[in-house]
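In the numbering used here, the protein residues as written are 1 to 553.
Rather than coming from a laboratory, the hints here were simulated on the basis of the structure. It is possible that part of the hints are untrue.
To be verified - Quick list of the computed label-pair ranges, beta carbon to beta carbon:
| # | residue 1 | residue 2 | range |
| --- | --- | --- | --- |
| 1 | S154 | K243 | 57 to 63 angstroms |
| 2 | Q378 | E321 | 23 to 29 angstroms |
| 3 | E311 | E185 | 51 to 57 angstroms |
| 4 | K491 | Q383 | 29 to 35 angstroms |
| 5 | Q287 | K243 | 15 to 21 angstroms |
| 6 | R149 | E250 | 55 to 61 angstroms |
| 7 | Q228 | K159 | 36 to 42 angstroms |
| 8 | K491 | E258 | 54 to 60 angstroms |
| 9 | Q378 | K491 | 37 to 43 angstroms |
Unchecked claim - Calculated lysine-lysine pairs in the PhoX-like style (CA-CA distance at most 20 angstroms, straight line):
| # | residue 1 | residue 2 |
| --- | --- | --- |
| 10 | K251 | K303 |
| 11 | K299 | K348 |
| 12 | K320 | K372 |
| 13 | K411 | K372 |
| 14 | K355 | K320 |
| 15 | K451 | K472 |
| 16 | K136 | K89 |
| 17 | K418 | K372 |
| 18 | K372 | K417 |
| 19 | K136 | K198 |
| 20 | K109 | K157 |
| 21 | K268 | K256 |
| 22 | K303 | K349 |
| 23 | K429 | K472 |
| 24 | K429 | K418 |
| 25 | K243 | K299 |
| 26 | K303 | K355 |
| 27 | K429 | K451 |
| 28 | K220 | K174 |
| 29 | K472 | K417 |
| 30 | K243 | K284 |
Note that the Cβ used here is the ideal one computed from N, Cα and C, for glycine as well.
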Amino acid sequence: MNENDGKLYTKMTACALLSLRVAVSVALILLLSGIFQANAETKDLKEARALLEANQPERAVEVLRQLSAQKPNDPWLIYDQGVAAYAAKQYEQADAIWQGLATTNLHPKLRDSVWTQIGNVSFRRGEPFEQDAPEKAVPLYEQSREAYRIVLVSQPKNKMVLHNLKVVETRLAKLHARLAQRLKEEARNKPLEQEIQKLQAALDHQRTAQNLEPENQDYKNETRKIEQELSEKFNRKAAQEEKRADRTLEKSNPSKWEREHAEEELRKALSDFQEAKALDPENKAAQEGEQRVTEKLAKLMTKEGQQLQQEAQQTASRDKEEAIDKYEQALEKYQQALNLAPNQQEAKKGEQEVKEALEQLNMQRGDEQAQKGEQHEQNNPAQAAQEMMDALNHYQEATRINPENTEAPPKIAALEKKLPQLLNAIGQKEQQRAREQESQNVERAIAHLEKAATAYQQSQEIQPENNQDAQKGQQEVRQDLQRLRSQLARKAQQQTQQQQEQMSEEDQKENIESFHSMLAKFKKDDKQREYEQSRRAPTREYTPDNNRIYKNW
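Please model the complete structure; the sequences and the hints are all you need to start from.
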């Protein structure tokens, strides 16, 4: 077979290390060279060669199988078995042999031969499906293609493999193009969502065909047609979503759920218009739809932000924390609007107002918490520490909102100076409580140590440098926790073992009771049988005082 046949052919490079050299032509004539060992070919290999030359590959398979049984780990013989199976058109068996061999550590030349044959046999396995079941042929042809590509990594100029790769890619491209057309036909008269799904799958196949044969103008044209058709479908879908959102937003006072649903519909419409534009950059309807929906969504986000801002203003006097939460939600809405439409003036104005309000509220809340912390510092240091840390967080948030805030930094500095000492004192106190509880209740001691660990950790987060008390305390707590947890684990293990032993004793007792119950049953049966026999044919005088009737025993 020559290169102009458009058919696969294989011709292994001659190599003294190979047990077989294969040349597969139209008639599939295989010539075996044999194992290059002791300067002579074995008798069995000569027989296999003769059988293949006589066009009796099935018998050659059996000869090689017997020979391989004598040398089960010989990769050359395993490879030969695959060649003989291939010659016998036992393609699945040959594929299994070569794929198994490919997972082992092989001589480089044998490895390339194995992958070449995997490419060949995968192609042969796919051929029967090409006409009637292309979806089954595709994965086999893809496996063939990948096998040839592996060979070309080490042999980039291998003409035979390059030729076979081209044949496989041409066939594979045709199959993908056929599958694309089939999916296009299946998309007809389907609901819009299903139609889009079918066309997307068709486009994937058509693009794959084009990538396999980049110079094929027909494939390029068909890809373009599917992209344009799919672009129009996304336009239709986006228009429907936009219309549903408009109906909701036209209401005088839509509920919160309705507004959220309208936002969801607009976001889907925006995504679909963008997809339509990506598929067909010249699609004017998609361009206009994207701009229109972007503006609607930005206005909706601005309106949502304004409503949340108003709720925050009404809440601020009675609950600053709730007001802060609502202002933060409003800020997020304004920022979403500005991401969509950077020149949205109402969103810009709202964003600035909300930032100013958040800065003021955080400063006020920080002052309140700092004052409470000072009041509780002597009587309840743990509560004081928590309140001071809350104050610190509020001051830091105020500076994050407005980096030019001049009031917050000195307050932050004062808290950062006081808090580490307070937290270290809390940690030391919790350690002392743990020592007192250790002999009485290990679980409580562990709980105190965990509180101490938290205090020391927070202390070091605030003052990472020059904080030896926290570092020392944390190390001590870590060691004590490890010791007590190990002690607790041993105790739990002992309890479990005792329960298992107790259960084992109960099981033995139940077994003994079961045995006695069974024995009693047999006794009842035996005595009943004796009574019946005595009643039917008494053999001795009946004396009520000496003989007991066991009928109901």
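> Of the numbered hints stated previously, which ones are contradicted by the structure, given in increasing order?
Replying inline: none
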